[in-house]
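Trainee: Full structure from sequences and hints, please.
There are 2 protein chains.
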Amino acid sequence: MTTQQLVEQIRKKQSFLCIGLDVDLEKIPSFLLETEDPIFEFNKAIIDATHDLAVSYKPNIAFYEAHGVKGWVSLQKTIAYLNENYPEIYTIADAKRGDIGNTATMYAKAFFEDLQFDSVTVAPYMGKDSVEPFLEFKNKHTILLALTSNEGAFDFQTQSVDGKELYKVVLEKSQQWRNSENLMYVVGATKAEYFAEIRKIVPNSFLLVPGVGAQGGDLRAVCEYGMNESVGLLINSSRGIIYASNGIDFADKARFKAKELQNEMAAILKK
Amino acid sequence: MTTQQLVEQIRKKQSFLCIGLDVDLEKIPSFLLETEDPIFEFNKAIIDATHDLAVSYKPNIAFYEAHGVKGWVSLQKTIAYLNENYPEIYTIADAKRGDIGNTATMYAKAFFEDLQFDSVTVAPYMGKDSVEPFLEFKNKHTILLALTSNEGAFDFQTQSVDGKELYKVVLEKSQQWRNSENLMYVVGATKAEYFAEIRKIVPNSFLLVPGVGAQGGDLRAVCEYGMNESVGLLINSSRGIIYASNGIDFADKARFKAKELQNEMAAILKK
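Residue numbers (UniProt numbering), protein chains in the order written: chain A, 1 to 271; chain B, 1 to 271.
Hints listed in this document are in silico derivations from the structure and should not be mistaken for laboratory results. Since the model is a prediction, treat every value here as computed from it, not as a measurement. Any given hint could turn out to be false.
[Claimed, not checked] Part of the chain A face toward chain B, derived, beta carbon under 10 Å: (1) Asp22; (2) Ser130; (3) Ser160; (4) Glu260.
[Stated by the list, open to error] Listed next, with one range per pair, are the computed distances between beta-carbon atoms: (5) Leu25(A) to Lys77(B): 54 to 60 Å; (6) Glu260(A) to Gly101(B): 23 to 29 Å; (7) Asp249(A) to Arg178(B): 37 to 43 Å; (8) Arg239(A) to Lys270(B): 34 to 40 Å; (9) Glu34(A) to Lys77(B): 44 to 50 Å; (10) Glu229(B) to Leu33(A): 48 to 54 Å; (11) Asn139(B) to Asp24(A): 33 to 39 Å; (12) Glu113(B) to Glu229(A): 43 to 49 Å; (13) Gly101(B) to Glu229(A): 31 to 37 Å; (14) Gly247(B) to Lys70(A): 35 to 41 Å; (15) Lys70(A) to Phe256(B): 38 to 44 Å.
Here a beta-carbon is modelled for each residue, glycine too, at the ideal position from N, C-alpha and C.
Mentor: The structure is reproduced here in C-alpha cells:
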C-alpha cells in the first residue's frame, strides 16, 4: 500500500486507529481455547467487529512466535484473512527486527513477500546497512524505532550524542538513507511534549504511536504536537481494545472501545 | 547450559568455534533441494560432520523465517536434532530481538522454552526493561548486541555519548541490570583493537565474535586482546565453513574448514 492510499483511508474512515493484535492465550475468552486455532479465531472476530473503525492492524510477532510452528500458522492465517477480506487495511508486522545486509533482506522477504505485510517495524542499532535492505521494497514501509514508550527508552534513546538525543540522531541520519521515503517511525505517546521537536526533523513522515490506552498516553496532546497536513499519525491501541472483555461479548466490547477512539479521532480531524 | 559447562566443553574440545547456520537455498548443494526439507538435511549433514570441532551452533533465525511455517519447522527440527544428539553443544538463536516487558517475555519463551535454545541474541535500543525479561531465565544466556561487525556500526554504536562511545555505555549500563551474570555480548571481529577497551568494562563476560572469515576479521588479534582466563570468546564462522563447497562433498569440505579454525584455536589455547 502507498502512503497516499493510507491517507485516503484515514480521510474516508475518519480514523487513524491501529489495533494491536497482541494475542495472549491467558487473556482471551476461555471458550475460544476449545477451537482448533484460538489465536486466529480471536483475531478474526476482533477484525470483523472493528475493520470499519480502524485503518490498520498490527500483530505483535512475539505473541505468535512464542507458540512455534502453530503460532506461525495463526499469523499466516491472520494476515491472509486481512488481505483477502479487507484489502484496504494497512498491515504492520510488529517484529522489531534488525540485522545486517543479507540477513535483513531475508527478514524483509519474510514479512513483505512471504506474509505480504505492508510494513514491518525495525530497530536502528545496527545502522544504515541493516535498514536499507528493507527500504528497497516498493510500496512497503519500514517503521524504524525512534523513541519508544517504555521506561528503558531513557537508557539509550534519550542519551545525549554530542548534545543531541540519540533518537533525534536516528531520525536525522535515517532520512539520508536510500529510499528514505519508505520510512515511518515509532514514537511513544507517553512523551507528547517530544512530538513538536520530532516534527522539526521529520515533518512529513508517518509516526506509529503506541502507548495510548493501556500505557497511558493522551490522544489529544499527541495530535496537537504530532499531526501534519497528511495526518501523519497511526495511533495504536492493543490491550485497551482487544481485552475490553473476556466474555462471549468480547468482540462487541472491542468494537465499543474502538468506536470511542474513532469518535475522538473524527472530532480531531474535523477541527 | 551454564557458563561453567561451556568453558569445560571449550577446554575439552580445544575449540571455541561457533558455526553459523545461515542456510540459503540458493547456496546449498542443489541435490538437497530434492529432499523434503533441504534446510534441515543441510544442517544435519553439517552438524554431523563438525560437531566434535565446534562448541556451538548458531542458526540465523531470519533465514528460517523467510520461508514461513516451513522454515520454522526446519528450525525446530534443527534445534531438536542438536539437543537430542549433541546435548553438549551450546546453542544460540541469532534472532536479535528487542521489545518491551510482556513482549520480551514472549520472545524469551519462544527461544528458551518452546525451542529450547541455550541463548538468544538481543538488541539493546529499547533499554533495561526490554532485556531483563530475558535475563530471568535460569541457565540461559542473553547475548546483547554491543559492537557489530558491519559498516552501519559507525552510524550509532560508535557515536560519542557524553564523551563515551554508545556501545561502551551499553556494556556498562547492562552490567547493572538484574541477573546480568546471564549476559554475553556480540562484538564484531573487524575491529580487534577495540577488544582491549571492551575487556576493561566486561573482563569476565563471554563475547560472541562474528566477522572472522567471510567478513574478514583476524583470529589471533581478537584472541590477543579479547581472551580472558575462562577463554571468554565464541568465534563464529558461517559462510566460510558451511559454503566451503556446494558439491556432494559439502560436509567434508565444511569439516576441513572447521578443522583449520579449530587447529588455530588449539594452538592459541596451548600458549
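Trainee: All hints, please: hold or fail.
Mentor: We went through each hint and held it up to the structure:
| no. | hint | in the structure |
| --- | --- | --- |
| 1 | Asp22 | 7 Å, holds |
| 2 | Ser130 | 5 Å, holds |
| 3 | Ser160 | 6 Å, holds |
| 4 | Glu260 | 24 Å, violated |
| 5 | Leu25(A) to Lys77(B): 54 to 60 Å | 24 Å, violated |
| 6 | Glu260(A) to Gly101(B): 23 to 29 Å | 25 Å, holds |
| 7 | Asp249(A) to Arg178(B): 37 to 43 Å | 40 Å, holds |
| 8 | Arg239(A) to Lys270(B): 34 to 40 Å | 57 Å, violated |
| 9 | Glu34(A) to Lys77(B): 44 to 50 Å | 29 Å, violated |
| 10 | Glu229(B) to Leu33(A): 48 to 54 Å | 51 Å, holds |
| 11 | Asn139(B) to Asp24(A): 33 to 39 Å | 26 Å, violated |
| 12 | Glu113(B) to Glu229(A): 43 to 49 Å | 48 Å, holds |
| 13 | Gly101(B) to Glu229(A): 31 to 37 Å | 35 Å, holds |
| 14 | Gly247(B) to Lys70(A): 35 to 41 Å | 37 Å, holds |
| 15 | Lys70(A) to Phe256(B): 38 to 44 Å | 40 Å, holds |
Checked against the numbered hints given earlier, this structure breaks hints 4, 5, 8, 9 and 11; the rest are met.
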